[in-house]
Amino acid sequence: MSNIMHVFSHEINTKKRSAGLKTLFVIMQVLLLVSLLTGWSQYERTSVMQQQTQALVEQQWAEQPDRHPHRVAHFGHFTFRPPGALSFFDVGVSNFLGNSIFIEAHRQNSANFANDYDAATLLRFSELSVANILLVIWPLLLIAFAFNTVSAERQFGTLRQLLAIGVSLRHVIIGKGLGYLALTLAFLSPIFIATLILIGVSSIELTADVLLRVGLLAILYLLYCVFWIVVVLLISSIVKEPKHVLASLISCWFVLTILMPRMVADYAATADPILKRNDLELAVKLETKKVGDSHNPNDPHFNSFKEGVLKEYGVNTVEELPINYRGLVMAEGERISAEIFANFYQQEQDKLKRQQARISAFYWINPYMLARDLSMALARSDAWHFYDFELQSEAHRYARTQKLNEIHTNHIELAHDRDQKASSEFWQDFDKFEYQAPNLAQSLAPFSQIWPVLALLVVVLTSLLLSSFVSRRVYAHA
Amino acid sequence: MLKFELKLLFQGLANKLAIAIFLISGGLAIYFGAQGYQAIKVDQLKSEAMFAKEVEYVKKREAFPEAGSLAYYAFSPTQWQLSPWSALFVGQSQDNYVAMKVRALALQGQIYNREINNPNQQKAGRLDLGFVLIYLLPILIGTLCVTLLADERHEGRWRMLLSLSQGGISLLWRRLVLRLVFTVGLILLFFITSALLLSLPLDGVFFWFIIASIIYAMIWFVIAGIIIGAGKSSVFSSLAFVSTWLVVTILVPGSIHLYLNHAYANNSAVEAALEQRLVMNNGWDQDKQATLDQFLADYPQYQNTSKLGEAFDWKWYYAQQHMSDLAVANEWNEYKTNQQQRTALLDTLSVLSPSLFFQHKFNQVANTDSGSYLAYLASIEAYHQHIREFFYPYLFTDKAFTPDAVDDFPKFETPQQVNQFSFVTLFIVLLLLCPAIFWVNKYMKRLTVD
Numbered sequence: 001m002s003n004i005m006h007v008f009s010h011e012i013n014t015k016k017r018s019a020g021l022k023t024l025f026v027i028m029q030v031l032l033l034v035s036l037l038t039g040w041s042q043y044e045r046t047s048v049m050q051q052q053t054q055a056l057v058e059q060q061w062a063e064q065p066d067r068h069p070h071r072v073a074h075f076g077h078f079t080f081r082p083p084g085a086l087s088f089f090d091v092g093v094s095n096f097l098g099n100s101i102f103i104e105a106h107r108q109n110s111a112n113f114a115n116d117y118d119a120a121t122l123l124r125f126s127e128l129s130v131a132n133i134l135l136v137i138w139p140l141l142l143i144a145f146a147f148n149t150v151s152a153e154r155q156f157g158t159l160r161q162l163l164a165i166g167v168s169l170r171h172v173i174i175g176k177g178l179g180y181l182a183l184t185l186a187f188l189s190p191i192f193i194a195t196l197i198l199i200g201v202s203s204i205e206l207t208a209d210v211l212l213r214v215g216l217l218a219i220l221y222l223l224y225c226v227f228w229i230v231v232v233l234l235i236s237s238i239v240k241e242p243k244h245v246l247a248s249l250i251s252c253w254f255v256l257t258i259l260m261p262r263m264v265a266d267y268a269a270t271a272d273p274i275l276k277r278n279d280l281e282l283a284v285k286l287e288t289k290k291v292g293d294s295h296n297p298n299d300p301h302f303n304s305f306k307e308g309v310l311k312e313y314g315v316n317t318v319e320e321l322p323i324n325y326r327g328l329v330m331a332e333g334e335r336i337s338a339e340i341f342a343n344f345y346q347q348e349q350d351k352l353k354r355q356q357a358r359i360s361a362f363y364w365i366n367p368y369m370l371a372r373d374l375s376m377a378l379a380r381s382d383a384w385h386f387y388d389f390e391l392q393s394e395a396h397r398y399a400r401t402q403k404l405n406e407i408h409t410n411h412i413e414l415a416h417d418r419d420q421k422a423s424s425e426f427w428q429d430f431d432k433f434e435y436q437a438p439n440l441a442q443s444l445a446p447f448s449q450i451w452p453v454l455a456l457l458v459v460v461l462t463s464l465l466l467s468s469f470v471s472r473r474v475y476a477h478a
Numbered sequence: 001m002l003k004f005e006l007k008l009l010f011q012g013l014a015n016k017l018a019i020a021i022f023l024i025s026g027g028l029a030i031y032f033g034a035q036g037y038q039a040i041k042v043d044q045l046k047s048e049a050m051f052a053k054e055v056e057y058v059k060k061r062e063a064f065p066e067a068g069s070l071a072y073y074a075f076s077p078t079q080w081q082l083s084p085w086s087a088l089f090v091g092q093s094q095d096n097y098v099a100m101k102v103r104a105l106a107l108q109g110q111i112y113n114r115e116i117n118n119p120n121q122q123k124a125g126r127l128d129l130g131f132v133l134i135y136l137l138p139i140l141i142g143t144l145c146v147t148l149l150a151d152e153r154h155e156g157r158w159r160m161l162l163s164l165s166q167g168g169i170s171l172l173w174r175r176l177v178l179r180l181v182f183t184v185g186l187i188l189l190f191f192i193t194s195a196l197l198l199s200l201p202l203d204g205v206f207f208w209f210i211i212a213s214i215i216y217a218m219i220w221f222v223i224a225g226i227i228i229g230a231g232k233s234s235v236f237s238s239l240a241f242v243s244t245w246l247v248v249t250i251l252v253p254g255s256i257h258l259y260l261n262h263a264y265a266n267n268s269a270v271e272a273a274l275e276q277r278l279v280m281n282n283g284w285d286q287d288k289q290a291t292l293d294q295f296l297a298d299y300p301q302y303q304n305t306s307k308l309g310e311a312f313d314w315k316w317y318y319a320q321q322h323m324s325d326l327a328v329a330n331e332w333n334e335y336k337t338n339q340q341q342r343t344a345l346l347d348t349l350s351v352l353s354p355s356l357f358f359q360h361k362f363n364q365v366a367n368t369d370s371g372s373y374l375a376y377l378a379s380i381e382a383y384h385q386h387i388r389e390f391f392y393p394y395l396f397t398d399k400a401f402t403p404d405a406v407d408d409f410p411k412f413e414t415p416q417q418v419n420q421f422s423f424v425t426l427f428i429v430l431l432l433l434c435p436a437i438f439w440v441n442k443y444m445k446r447l448t449v450d
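Quick mapping for you: the protein sequence lines, in order, are chains A and B.
In case it helps, the working numbering puts the first sequence at residues 1 to 478.
In case it helps, the working numbering puts the second sequence at residues 1 to 450.
This is chain A alone, in the form it adopts within the complex (with noise of 0.2 Å):
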């Protein structure tokens, strides 16, 4: 033990006395403090702006004069997207999504008002958020002040000596991992420390679920960083050259971090393409002729649905009916929209979950992927936010054109139809658009098979790094 704590410190003291290394902790530190101060300013800014707006609109659906509910549907309204309440710290991929949905009767509109201008030149490699710094950043830092952790000290004969006076290897490696973990500690708890001072100077609500997510990114980015020691401390070990350990921690972290996760993303994308707009717009509007064509006079579906309606209050012709029959037509006309898009959404989410599995096959071979994600995840900043906020925003979408269907149906009378209007009273009744953030288990639902990857893989590296085997391999190069 003594032994460990020894090289501990050792090792800790060496890299003090470092100029280089004290600089760009320092300028790193700074890096992480501008993001996340320049994160945490863009989501005030959104979320204050969402919530302005939102309330807006609300307030303009209340003064609505009276008028034709019909009307009223295409007058529309307006779902916009809170900012997920971390995305200050990783800010995932709502830049480049819409704000806000308008929403009326019959069409179900695109997201609208992003945040992705000039992204294919700025953004090659996301954002400068916290949450890149110490994916991508970090991890190269790591590797600059490690790489010849152990084989400096075999080429300098050190190591040689160590082992000479009796302290095992295990403890050499033992006590220089500690070293690195304590120096990332001492790199990431200031950012944790600032995330939380935010949290409570903002309009964040203080809640267990935050506080749970802020632990749960903690541990997550410690488990990465050490996944990168463990495999420093493991390359240093068995490479013999300190040149050629940094030749091959370089090239490892340039494939995990820039280049397999845009080939992965590519390879998803282009193996189960999603529909584009004009094509699913198309493909909603062919399904939905088919299956009933209100302004057909001899469709079949609605000729069946008017004796069906006919036949229930006992009458013959729909002027003798004690409701509005258009406002029910719009009503079924409404339903059979909505269900053949809301079909059109499954099958689309299905192709991206299918994406989503292959981008996980390779969570095994690159952490990178997997720390990211749950990141996002965490962060409530990843896309599967993206589709539960549309499809609260298409469930709001179709309550509130049925209910304004209803008032149709019962309050407009069907001769001179579209001369009447309903009192503007009823549109105070209308429930506001409140976007339920989804809880931590919603939010990890898509990883619960997948998150003890990462744990899985430490443990394994950190056996193979303390195995035989590598302390062979260290003694036959001593």
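Hints are computed from structural coordinates only; laboratory data are not their basis.
Computed from a predicted model, the values in this text were never measured in an experiment.
Yeah, the Cβ is synthetic: ideal placement off N, Cα and C, and Gly gets one too.
Incorrect hints may appear among the rest.
As the list claims (entries may be wrong) - Not the full set, but computed from the structure, chain A residues with beta-carbon under 7 Å of chain B:
no., residue
1, Phe75
2, Phe96
3, Gly98
4, Ser126
5, Gly175
6, Ile250
7, Lys276
8, Arg277
9, Asn278
Based on these hints, arrange chain B on the given structure of chain A.
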């Protein structure tokens, strides 16, 4: 001599690996790019074909619709004119709405529509030839060059090489030039392969891209030369090169993005969309004749149109739609100006990083940058006006709307976007490089003393 040097180039696991990764990435990039480009073309052609079919159907209908009703349902296709270069430098082309449909209703309700995109793919950053040339090529150059001197020193051969007449610095230069020639060969390989696959015309643009890529590669050779000239160990040289790469490709563009996002945060598009919706819908509850009169002040040629009656009238409907667009003209212009200013500032700031500078230029020349998309939006706006004005005579005068009239319906036509390139910029970069090369040479001369 050359044979020996070539052997040296392909020796060592690192070199072989770097060359292999570079070639595979390039191949995949061209493949993915071509696939995406194909999908765009299919989307655009399909939209056009569907619309042509609808037009034929309408013309044959027994009950030919009135102009107002037809205009309501006529979602006319537009295309972001993309050249095959967008397969290699995809820019925004794979994510933005490239086949937007537009009808005679208010533009504000349509122009912000977005393509369904794949955010994970966008976040990962995509693999196109632009990525391979701008971000991978430097890594290849670093692997091939940056430890040249340090390795000779490490092996103890440098002192001996210095004493040779053809050795020392001139040998180092020869090796660097050989590697430059090899790199140029790879660049040519990629461009010629792409030209054959995508049938790119062998015009000025083609040579511009090749020369620009070579000049960009030379910049990284100079950076490698400076690091070699520092005469430090191979470990130090490698770290210095990777750090430079990190700063130039990730940190500088990332910081500029943070700054631009902060400085040009603007809500005017949302404000425009919200306000336009309000104006348009309130119009139904206001004096319709007053709205029509306002519209006629803008279109005096329809001054003599009859007064509105009690019943719903399409001509009021389209007048009202247009007036609601005009009501938010300020916000809409502010939005466009904001984007243009942002692009202009990016033009200036991109000189801070050669990677960013060339990435930006490549996307611009391939017409896939945000600026080109803005130009596409502007052409949609112009087309929207053509569509509106096509229907006006049928709405505001007695002119009869007949099936034959449909043949005159305007088509979306923009002059094929010209790939704007300038050899002058490249020449200036080259001029700046010359003194750098001389300086590197002088700097390296120090090393003759070992």
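Inset, instruction - Using 7 Å as the Cβ threshold, decide whether A/Asn278 counts as touching chain B. - result: A/Asn278 check passes; min Cβ-Cβ to chain B is 5 Å, inside 7 Å.
Inset, instruction - Tell me if A/Lys276 is really an interface residue toward chain B, meaning its C-beta lies closer than 7 Å to one of theirs. - result: holds (5 Å)
Legend entry - chain B contact restraint on A/Ile250 - CB to CB distance below 7 Å: Holds - the Cβ of A/Ile250 comes within 7 Å of chain B, reaching about 6 Å at its closest.
Inset, instruction - Please verify that hint: A/Ser126, Cβ, nearest Cβ of chain B, below 7 Å or not. - result: holds (5 Å)
Inset, instruction - Identify whether the interface hint at A/Phe96 stands, where standing means a beta carbon of chain B within less than 7 Å of its own. - result: Because about 4 Å separates A/Phe96 from the closest Cβ in chain B, which is inside the 7 Å limit, the hint holds.
Inset, instruction - Identify whether the interface hint at A/Gly175 stands, where standing means a beta carbon of chain B within less than 7 Å of its own. - result: violated (23 Å)
Inset, instruction - Against chain B, run the beta carbon of A/Arg277 and see if the smallest gap drops under 7 Å. - result: Given a least distance of 5 Å, the restraint on A/Arg277 holds.
Inset, instruction - Answer holds if the nearest beta-carbon of chain B is closer than 7 Å to that of A/Gly98; otherwise answer violated. - result: holds (6 Å)
Inset, instruction - Would you check whether A/Phe75 satisfies its interface hint, that is, whether its CB is within less than 7 Å of any CB in chain B? - result: holds (5 Å)
Figure legend: structure checked against the earlier numbered hints; the only hint not met is number 5.
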